[in-house]
Amino acid sequence: MPVSEILTAPILTIAADASVADAARTMHDHHVGALLVTREGDLVGLVTDRDITVSVIAEGGDVERTPVANIMTREPTFVREHAGIFEAIRVMQRANVRRLPVVDQHLRPVGIITADDLLIYISNELGTLAQALFRGLERERSELGKLKRA
Amino acid sequence: MSISPLISSHVVSVTPAMTVRQAARWMKSQNVGCVAVLEDEQPIGLVTDRDIALACGTGRLSPEAPITELAAHPPVTALESLSLPDAIATMAAEGVRRLLVTDGLGRMVGILSVDDLVPLLGEELSGLGSTVRPRRNFPPV
Chain A
1363 MPVSEILTAP
1373 ILTIAADASV
1383 ADAARTMHDH
1393 HVGALLVTRE
1403 GDLVGLVTDR
1413 DITVSVIAEG
1423 GDVERTPVAN
1433 IMTREPTFVR
1443 EHAGIFEAIR
1453 VMQRANVRRL
1463 PVVDQHLRPV
1473 GIITADDLLI
1483 YISNELGTLA
1493 QALFRGLERE
1503 RSELGKLKRA
Chain B
417 MSISPLISSH
427 VVSVTPAMTV
437 RQAARWMKSQ
447 NVGCVAVLED
457 EQPIGLVTDR
467 DIALACGTGR
477 LSPEAPITEL
487 AAHPPVTALE
497 SLSLPDAIAT
507 MAAEGVRRLL
517 VTDGLGRMVG
527 ILSVDDLVPL
537 LGEELSGLGS
547 TVRPRRNFPP
557 V
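For the record, the sequence lines run as chains A and B. So for the first sequence, the numbering used here puts the first residue at 1363; every next one is plus one. So for the second sequence, the numbering used here puts the first residue at 417; every next one is plus one.
Derived by calculation from the structure, the hints in this document are not laboratory data. Built from N, CA and C at the ideal position, the CB exists for glycine as well.
Looking from chain A toward chain B, a few residues come up when the C-beta cut is under 10 Å (computed):
# : residue
1 : A1383
2 : M1389
3 : T1410
4 : R1412
5 : S1417
6 : V1418
7 : E1426
8 : L1488
Listed next, with one range per pair, are the computed distances between beta-carbon atoms:
#  : chain 1 : residue 1 : chain 2 : residue 2 : range
9  : A       : L1509     : B       : V548      : 19 to 29 Å
10 : B       : A508      : A       : A1477     : 10 to 20 Å
11 : A       : D1466     : B       : S420      : 40 to 50 Å
12 : B       : V548      : A       : E1426     : 51 to 61 Å
13 : B       : S418      : A       : E1421     : 39 to 49 Å
14 : B       : V428      : A       : A1492     : 28 to 38 Å
15 : B       : G522      : A       : K1510     : 47 to 57 Å
16 : A       : E1505     : B       : H489      : 44 to 54 Å
17 : A       : E1500     : B       : G538      : 22 to 32 Å
Stretch-level coverage of chain B by chain A, calculated; a stretch enters the list once three of its residues show a Cβ under 8 Å from a Cβ in chain A:
#  : region
18 : 432-443
19 : 466-472
Produce the entire structure from the sequences given, and follow the hints as far as they go.
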């Protein structure tokens, strides 16, 4: 299963020279915690809600005058859109991050995969497996019941 | 199984008199993503780095405002004697990823978070996996 099929967040980017306030408004309006930062369409960074709190608010910075480029993580670790989910988990482990930009073959951003996305996907798969076990048991009980009645 | 042995007792707290900016600095220095607002040892709110970013980053709240402005709603709490399935059900019903855990007198004793439960459940699942099938290498999915 490629990561591109389980992305839940909309593809949201912000220009590197946009203000931190613009980034906060975009995160607020779209209910996301991170934005891909681009310069002329190329991925150059990742900015999170935490970056805004610890790098600007905590330090007494001005959110309207601080550009996103000043607080973003530069050249973040990313995965390609065709990478499998287990590969994405391994990349997150190695980089010790819980969000990864997802890029296409031209390294253009197509989204962000989060640890939460992966957890929800795997949990749903486990739930489906549990259903299969439960239904198998139910079917066996019903077939045994028919045999006893026969 | 009660949640008591699963909770993290290291909870970073702030007082209601602190400003949002002071709380943000405290979060940064303690390297945590949320702080509990305590009054007489009892939790009256839970504030995350996201709450601060969205309120102050968008200009809706001054960083010099009291932290209680962001802790307007009582936090979702759980008694330390609560069972793990009930705690998970509470998280699901309330749509929260953290529960502030209190004793019988309402005093905070720790925090239970999804981030603590996932590794725990993962280990259990891994243990179960090794009992039902010998180890083998799966092809990439």
